[in-house]
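Position chain B relative to chain A; hints supplied.
Number of protein chains: 2
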Amino acid sequence: MTLQTIAFEKREQLKQKPNSDQLGFGKYFTDHMFLMDYDEQKDWHNPRIVPYQSISVDPSAMIFHYGQTVFEGLKAYRTEDDQILLFRPENNMKRLNQSSKRMSIPEIDEEEVLHYLQQLIAIEQDWVPSAEGTSLYIRPVVIATDPNLSVEPSKTYTFMIILSPVGSYYPQGIKPVSIRVEQQYTRAVKGGTGTAKTAANYSGAYKAQEKATEQGLSQVLWLDGIEKKYIEEVGSMNVFFKIDGEVITPELNGSILEGITRKSTIELLNHWGIPVKEQKISMAELHAYYHNGKLEEAFGTGTAAVISPIGELIWENEKLVINEGQIGEVAKKLYDTITGIQTGKVKDRYGWTVEAASKTMNTSPSL
Amino acid sequence: MTLQTIAFEKREQLKQKPNSDQLGFGKYFTDHMFLMDYDEQKDWHNPRIVPYQSISVDPSAMIFHYGQTVFEGLKAYRTEDDQILLFRPENNMKRLNQSSKRMSIPEIDEEEVLHYLQQLIAIEQDWVPSAEGTSLYIRPVVIATDPNLSVEPSKTYTFMIILSPVGSYYPQGIKPVSIRVEQQYTRAVKGGTGTAKTAANYSGAYKAQEKATEQGLSQVLWLDGIEKKYIEEVGSMNVFFKIDGEVITPELNGSILEGITRKSTIELLNHWGIPVKEQKISMAELHAYYHNGKLEEAFGTGTAAVISPIGELIWENEKLVINEGQIGEVAKKLYDTITGIQTGKVKDRYGWTVEAASKTMNTSPSL
Numbered sequence: 001m002t003l004q005t006i007a008f009e010k011r012e013q014l015k016q017k018p019n020s021d022q023l024g025f026g027k028y029f030t031d032h033m034f035l036m037d038y039d040e041q042k043d044w045h046n047p048r049i050v051p052y053q054s055i056s057v058d059p060s061a062m063i064f065h066y067g068q069t070v071f072e073g074l075k076a077y078r079t080e081d082d083q084i085l086l087f088r089p090e091n092n093m094k095r096l097n098q099s100s101k102r103m104s105i106p107e108i109d110e111e112e113v114l115h116y117l118q119q120l121i122a123i124e125q126d127w128v129p130s131a132e133g134t135s136l137y138i139r140p141v142v143i144a145t146d147p148n149l150s151v152e153p154s155k156t157y158t159f160m161i162i163l164s165p166v167g168s169y170y171p172q173g174i175k176p177v178s179i180r181v182e183q184q185y186t187r188a189v190k191g192g193t194g195t196a197k198t199a200a201n202y203s204g205a206y207k208a209q210e211k212a213t214e215q216g217l218s219q220v221l222w223l224d225g226i227e228k229k230y231i232e233e234v235g236s237m238n239v240f241f242k243i244d245g246e247v248i249t250p251e252l253n254g255s256i257l258e259g260i261t262r263k264s265t266i267e268l269l270n271h272w273g274i275p276v277k278e279q280k281i282s283m284a285e286l287h288a289y290y291h292n293g294k295l296e297e298a299f300g301t302g303t304a305a306v307i308s309p310i311g312e313l314i315w316e317n318e319k320l321v322i323n324e325g326q327i328g329e330v331a332k333k334l335y336d337t338i339t340g341i342q343t344g345k346v347k348d349r350y351g352w353t354v355e356a357a358s359k360t361m362n363t364s365p366s367l
Numbered sequence: 001m002t003l004q005t006i007a008f009e010k011r012e013q014l015k016q017k018p019n020s021d022q023l024g025f026g027k028y029f030t031d032h033m034f035l036m037d038y039d040e041q042k043d044w045h046n047p048r049i050v051p052y053q054s055i056s057v058d059p060s061a062m063i064f065h066y067g068q069t070v071f072e073g074l075k076a077y078r079t080e081d082d083q084i085l086l087f088r089p090e091n092n093m094k095r096l097n098q099s100s101k102r103m104s105i106p107e108i109d110e111e112e113v114l115h116y117l118q119q120l121i122a123i124e125q126d127w128v129p130s131a132e133g134t135s136l137y138i139r140p141v142v143i144a145t146d147p148n149l150s151v152e153p154s155k156t157y158t159f160m161i162i163l164s165p166v167g168s169y170y171p172q173g174i175k176p177v178s179i180r181v182e183q184q185y186t187r188a189v190k191g192g193t194g195t196a197k198t199a200a201n202y203s204g205a206y207k208a209q210e211k212a213t214e215q216g217l218s219q220v221l222w223l224d225g226i227e228k229k230y231i232e233e234v235g236s237m238n239v240f241f242k243i244d245g246e247v248i249t250p251e252l253n254g255s256i257l258e259g260i261t262r263k264s265t266i267e268l269l270n271h272w273g274i275p276v277k278e279q280k281i282s283m284a285e286l287h288a289y290y291h292n293g294k295l296e297e298a299f300g301t302g303t304a305a306v307i308s309p310i311g312e313l314i315w316e317n318e319k320l321v322i323n324e325g326q327i328g329e330v331a332k333k334l335y336d337t338i339t340g341i342q343t344g345k346v347k348d349r350y351g352w353t354v355e356a357a358s359k360t361m362n363t364s365p366s367l
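Residue numbers (full-length UniProt numbering), protein chains in the order written: chain A, 1 to 367; chain B, 1 to 367.
Just chain A, same shape as in the assembly (with noise of 0.2 Å):
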């Protein structure tokens, strides 16, 4: 890894910071943000921390056009003693690599820009808030900027990383949920683009959300996009049962998101011994398991839930309600474990927090 040299302006006059009971979820952003650039002479250069702000695009840019993007989302969170801790945040530099790869983006060196996000954290210290389960949410993402509406591969892009304080996903406390079980719309679907973090998974569940939201529920159930029988994601999240004693995930098949959630929890499951499966399993198996009593638990692992426990899951016209819609003790043992680890309230054995900054830091480090 060569450091290149980053630039520093400072905003002149900071923000108001929004209360931590109004946080929600990526509507406030930070004092500044990190920005760096591609093109091909240069490769990615001129990595810089500036006033957040809106930037400048061509109409004609092709980001606007034909979505080449990726995105990662991670956040950092604050310990009782002030230190301020990313989790497993290689992981997400090198998803967003892998994401790259397959929509044709250079990549970026991940050592290099984890630093950089590093230096930005260090300077929006203060906007890591404190209170029960609120976090700072780190979004890095590349867009493609050519001026051209050729359909091809861009030449420019602008990778960014702005920050949002976020608040509890959980303001009242963990609550299962109740999930829709999609027939008709497909999120992804073997060789498309189902296992980058791109854009192009995202607004094109939005009309299967509507579907569930008009029935008052709360997310989607994938199912894979050939058979439409076997399950694939929720919403955004990956998703685990607990059925007979042994946790069951969907395997990665080609169209499921690899969480970073996911994997930490398979991780988990097999350092306390339950027995965890990555395999194919479909809507009508889990329905039987359901029936003959065998179905304990159901829950998504993501960045925004830690662990969403699923309480009721509609299938066509039939409603499963798993543990009596109450979160199970696996989903429970996880979460109080993952958010534990992240908040430093639980010792990390596994060395998967890394400290972003610290409150004793140089608040200007030197740029």
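To be clear, the hints were calculated from the coordinates, so they are not data collected in a lab.
Do not rely on the hints blindly, as some may be mistaken.
[Said to hold, decoys possible] Restraint ranges, calculated between C-beta atoms of paired labels, are given here:
{"id": "1", "chain 1": "B", "residue 1": "L14", "chain 2": "A", "residue 2": "D37", "range": "23 to 33 Å"}
{"id": "2", "chain 1": "A", "residue 1": "K229", "chain 2": "B", "residue 2": "Q184", "range": "40 to 50 Å"}
{"id": "3", "chain 1": "A", "residue 1": "F25", "chain 2": "B", "residue 2": "Q22", "range": "46 to 56 Å"}
{"id": "4", "chain 1": "A", "residue 1": "S282", "chain 2": "B", "residue 2": "E329", "range": "43 to 53 Å"}
Note that CB positions come from ideal geometry on N, CA and C, so glycine has one too.
Structure of chain B alone, referenced to chain A:
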């Protein structure tokens, strides 16, 4: 249709126009563009024609993260007597709204927007090139602008129309292309976004195109995402085959774009009494027709090329040379007729052309 008052801010210093042999595709943009905004209170509002310029977009704007966007592509042609014609533009406006429905984007008033487009073209009429094969490419696009990272439909949008003079698709005369049948990557699948003209369907195809380019082939033939057996599209065009005197094109199955040149091709073939069928056709069937000598022609249809004859199909390790690599009679007649109607050289018996603006019109319409 109630037309809103449209504001016009004229560019002070007009750009120098490129020579028609330098045009290429989508590289040069005219002096002005059309903009219109949407919010929940005001619906679509503030239609305006302003100097072509970069727009200012918040880094958290939903377009950069979740790909909620739709677009269209059509062309204005200059006739020998200096009329400017559009080709079936009401179909583009209709399809824009169909795409918007799929992507949870508020629909536009089709007639109203067509009227605004005509005003924009009236202002930019000197940009419509006159050389053989050239035209003014028109790109309407809607982008989601909410500065909010929630995975949900935006509450605000910007609609833009930009114009680009484009060169001949066939500067050396119409020439059949070599196409690679793609077996690994998938363009679209039933239940996904394949029928919508939206960013998601384009950059996801770059990897497959890269593989074709590496083999010196110009485009990709897409198979269905479910069984990888049935033919769907070619590159970003619809595809037709002449087999034993009959023309066959894949039926609109929920993952194929409903092309306007496709529709015009089917209508012309019907007028000419050439049998044409929309039906499922597998690559294996096509291969069999090839080997028993019944595959007579293959061609793509789309706005950019109009008709693109296919000279060779490379499927796995076999090369299928179609019609000795020459353009077929039907493809040639379609090309001559459609481009003839578009440019006023062939009488428009079908009411397909709409006058966009004529040289004798006031170049400063009362806006």
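Now the hints, each set against the structure:
no., hint, result
1, B/L14 <-> A/D37: 23 to 33 Å, "30 Å, holds"
2, A/K229 <-> B/Q184: 40 to 50 Å, "22 Å, violated"
3, A/F25 <-> B/Q22: 46 to 56 Å, "48 Å, holds"
4, A/S282 <-> B/E329: 43 to 53 Å, "51 Å, holds"
Violation of the numbered hints given earlier is confined to hint 2; every other hint is satisfied by the structure.
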